[in-house]
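S.K.: Each chain, written out:
Protein chains: 4
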Amino acid sequence: MTQEHVSPPIYWIADYLTPSDILYHAVHKVIVHKRTPYQEMWIVDCGTYGKGLIIDGIWQSSTGDDFIYHETLVQPAFVNHGGPRAALVLGGGEGATIREALKWRTVEKVVMVDLDAEVVAACREHLPEMHQGAFDDPKVKLVIKDAVDYLDETVGEWDVIISDLTDPIEHGPAYKLFTKEYFEKARKALRPGGYFLLQAGPVSPPSMGMHVRLVSTLKAVFANAHSYHVHVPCLGHPWGFILASDMPINTRPDPEAVNKLLAEKTNGKFKMFDGITLLGLMQSPKHVRDAIAAERHVYTLDAPPVFSTQELPK
Amino acid sequence: MTQEHVSPPIYWIADYLTPSDILYHAVHKVIVHKRTPYQEMWIVDCGTYGKGLIIDGIWQSSTGDDFIYHETLVQPAFVNHGGPRAALVLGGGEGATIREALKWRTVEKVVMVDLDAEVVAACREHLPEMHQGAFDDPKVKLVIKDAVDYLDETVGEWDVIISDLTDPIEHGPAYKLFTKEYFEKARKALRPGGYFLLQAGPVSPPSMGMHVRLVSTLKAVFANAHSYHVHVPCLGHPWGFILASDMPINTRPDPEAVNKLLAEKTNGKFKMFDGITLLGLMQSPKHVRDAIAAERHVYTLDAPPVFSTQELPK
Amino acid sequence: MTQEHVSPPIYWIADYLTPSDILYHAVHKVIVHKRTPYQEMWIVDCGTYGKGLIIDGIWQSSTGDDFIYHETLVQPAFVNHGGPRAALVLGGGEGATIREALKWRTVEKVVMVDLDAEVVAACREHLPEMHQGAFDDPKVKLVIKDAVDYLDETVGEWDVIISDLTDPIEHGPAYKLFTKEYFEKARKALRPGGYFLLQAGPVSPPSMGMHVRLVSTLKAVFANAHSYHVHVPCLGHPWGFILASDMPINTRPDPEAVNKLLAEKTNGKFKMFDGITLLGLMQSPKHVRDAIAAERHVYTLDAPPVFSTQELPK
Amino acid sequence: MTQEHVSPPIYWIADYLTPSDILYHAVHKVIVHKRTPYQEMWIVDCGTYGKGLIIDGIWQSSTGDDFIYHETLVQPAFVNHGGPRAALVLGGGEGATIREALKWRTVEKVVMVDLDAEVVAACREHLPEMHQGAFDDPKVKLVIKDAVDYLDETVGEWDVIISDLTDPIEHGPAYKLFTKEYFEKARKALRPGGYFLLQAGPVSPPSMGMHVRLVSTLKAVFANAHSYHVHVPCLGHPWGFILASDMPINTRPDPEAVNKLLAEKTNGKFKMFDGITLLGLMQSPKHVRDAIAAERHVYTLDAPPVFSTQELPK
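Protein chains in written order, with the working numbering: chain H, 1 to 314; chain E, 1 to 314; chain S, 1 to 314; chain B, 1 to 314.
Just so you know, these hints were derived from the structure itself, not from any lab.
Be careful, since some hints might not be right.
Claimed, not checked - Lysine to aspartate or glutamate pairs mimicking DMTMM-like chemistry, simulated, CA-CA at most 25 Å apart:
{"id": "1", "chain 1": "E", "residue 1": "29", "chain 2": "S", "residue 2": "40"}
{"id": "2", "chain 1": "H", "residue 1": "180", "chain 2": "H", "residue 2": "153"}
{"id": "3", "chain 1": "B", "residue 1": "269", "chain 2": "S", "residue 2": "40"}
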């Protein structure tokens, strides 16, 4: 910690976990602040968690715990596939999602589609701890485009699609991308045997309503959809993901077999992920499974989710 | 929400998750505040999470998510034993720990030992949502005593011992109870085949140092010690537990077999716990296992842990 | 500062100065918390300002700066009178208001009327820095009674009446005591040549609306009413007072003459008050005088003020 | 209030009034954020107080109450002079200080010297409520230069010099400009009969130490130095100023005479200032005068003040 950190921090970013529980993150230094055509972004020195990326007031990730978020986001889909060659990443501006894809030696091409060139450029410049040079890998192609538009042009091309978009806040760029129509486009873009993965909001009483409804929405599109989550410290909540496919999802993977697969097909550079971790991730606790089983709601373009950072508890 | 909650809250309790990340809990109403001979306690209306219990400035539990904490605290030890008849609870003032023990029909006696009669009385009066009448169960005996003194008088008597003490803050009543010497007393108090369970602090980078050292301390006493954790929303962290025994600990339980056991031997009233939940809990992610494997420190009475609510990150 | 103050404070009390500007006071230690039949009170160790008294969530005073509040509250009325013998204090639970009255050697009797015996008892026990033994002075009589009821029974008896009540919050005990009807009772209770002083809320853009309307209400009752204010650090705002009388109010006092009067008739123990201070207090800045001149509203029992700690700015 | 203000604010700026009393200002919108070669600046929508200017983490002024700060900063010096023709403003980036100077019809030239062209340009673009076009007045000349360097080149030229610099924070651009050596340069730059005015930090127990020592420093340079202060709501403190001159300072001005002077020589556009306001400003309360009388410290270049936003209380 530098001298600067000794004084009490002056700037704070509030995350309203509930109306009565507020998590304040200190900003020790503003590294980047910009208002792009699409959103407002910050990269900040946030102290304990290193550098943090904030978009439209919502904490996205930090260098200190991004391994938890991004390994959990990417690796379960890749393991379920077993040997993906083509991966499509929608969003994921930090470059850490494509970094995770590149850990697989089977991968031949990774396309990353992001709406906001300025966010990507700022992450590329200021968050090398996250992308670790992934943008420079010859297998990677960066496309600046709306994810929906890109999906309209790609059919049967991808082994894995990772939808790592910002949350569907009102007036934000992403709220239409959490709907049945969008998921159908993603399904068509997959190769036979492909897997779709959605970052899908907090999974914690009292704020797991949107996540649960996204599971039922994905179940209306894919033969199988499986929810899992992990606590990401800088987000203050356990964060949810949904793996969907017309192929089976192995919810009881054998840890030793997974480790063998990772040893054969990846570079093995995982901090948090391995066979035991995957087995644990696939087991959601009963109250989450019960909530998912009871939900029938399907989000559509006519009635998309509206994520609020101050969502009232159910 | 009542009218009272519409105005912004006036009282707040700060939980310094890290020096740069502070979780503020609103206090909508003070239900009880008292300074006992041992500690300062509050029971408050905290809004979203219902009622909260705070001791010496540290959030203990809330009625809204206590099922997560207490089912996770108690049930894995009971399932590993398979049919406990005698259970000893050290601490656990809210009465929710003994409530969980009483879910097992095999249980014939539960002794709860707590130092602070005033805290127990206040919880009994004001937190019926937590104890659910457990204090009135004829199988339960409440003993107001120091946990160490009680352990000195009991040998080979318990199938399961649950140590649900307040964190070892400096000058607090519990800091000596997180040491090798204390754990040895607990081991002697167990029947052959018995299991010891310790509530064991946060498990989250950057604040899992104490937990990891408690695992190595328990490994110095018991043949086996297994760490697991769960995110407890009102605590702001994933919370850690350590199950220890000279008997094997089943880290790969079969969910269906667990469910069968629960159906046979319990009243089945679980919100969060079942076989799948247990399988998931037993799988810690790689970075936690790696930290545990690398740790050799043993806490002793001469050098007990000092938990700080403002612990600097490692 | 004690060792206890080195850790960041855990308890905080929020004062919503405006909807966008919140002043958080640390509570280093709760000295007293009680819910009386009338209100909720706290006496706390608040750090820099010493001990603070909080009633119904609103900061009343602190030992560190009470000299500013109470000398400003009491002395201008006494100087304008010139030699008061009988003083009535309505409210003023801390005992600091009667302490100020007793500084005048001309004073023969001081009656303090407070609704809430428990608040007075707690202040008497825990805030000796404020009352400085005033409750034990043989000239002082404490009456536990509603201020309105007391005024109904006293006619033409007082040289100075100080109304030092808690703010008129909704459902609080005092909101009826900021009305024309109440002020008329106070006027009748004065001796000829008497002065009435009202503690009268914040005087700061954007929250001086209530103060300004209290001036116009007092002008509807007394021949003269003069507003003044002083910044009280622990309150976060400049605080307003209104001096009212059928006698003239000297708004351009000669400092040397005031000092001579104080030397002759008081014990001289003032930290903040003297002739120059009084001359300064009597000069309100133009924008406050303009707001007062433009106001015609009169608060009545049918339409009393409702002070809100979260009053929206005008 | 716009729709945007309905959600709880996400960004907050903390002002540590004391170690135990923290004033949080909401940032509803970042209008400008930039790091210049000299300092970090923000212009923000801060809600109740309109737009705020923050430099190096310290709140400078807001559009909602800048009339209080800037009329109090400038007008007492101008009235004491009686008919200034040449005014020098050091600092004052918002342009509100020169706006105040231009209210005097006697003024023929105003030079504003500011170190930081980027700050001035941003204020000129985004804070028209403050400068009100003053930068475009033909009498005004803007010089981008270090204030000390400018003073070295000007002798006997100014009727009034206003030093409206940022606080002397460590490593900040201004800390050397609060010393005896600097004040001596300012004195030489004055015409005979000229007045020097210094913005001079908070004047409130417990944080008036620097102000008091600045008074004694100015008394070591000028024949007369007089302290006064006013509560500026957005700053959370009463703010102090020191008027210094070899000419007498009228501390007991006649309000009617002042009003007559203002009517003759100014455009009369004052919200807060007039004769009564000036009479009030000139009367500091006793405890401030006592602290000033007891102080002998003189700040020099070798031992300049170091203003800290977290200054420990005396």
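S.K.: If a hint holds in the structure, say so; if it doesn't, say that too.
M.R.: Here is what the structure says about each hint:
1. With a C-alpha separation of about 10 Å, the suggested pair residue 29 of chain E and residue 40 of chain S falls inside the 25 Å cut-off, and the hint holds.
2. A C-alpha spacing of about 18 Å is found between residue 180 of chain H and residue 153 of chain H, which places the hinted pair at or below 25 Å, so the restraint holds.
3. Under the criterion of a C-alpha separation no larger than 25 Å, the hint pairing residue 269 of chain B with residue 40 of chain S is inconsistent with the structure, at around 47 Å.
In summary, the structure is inconsistent with hint 3 from the numbered list given earlier, while agreeing with all the others.
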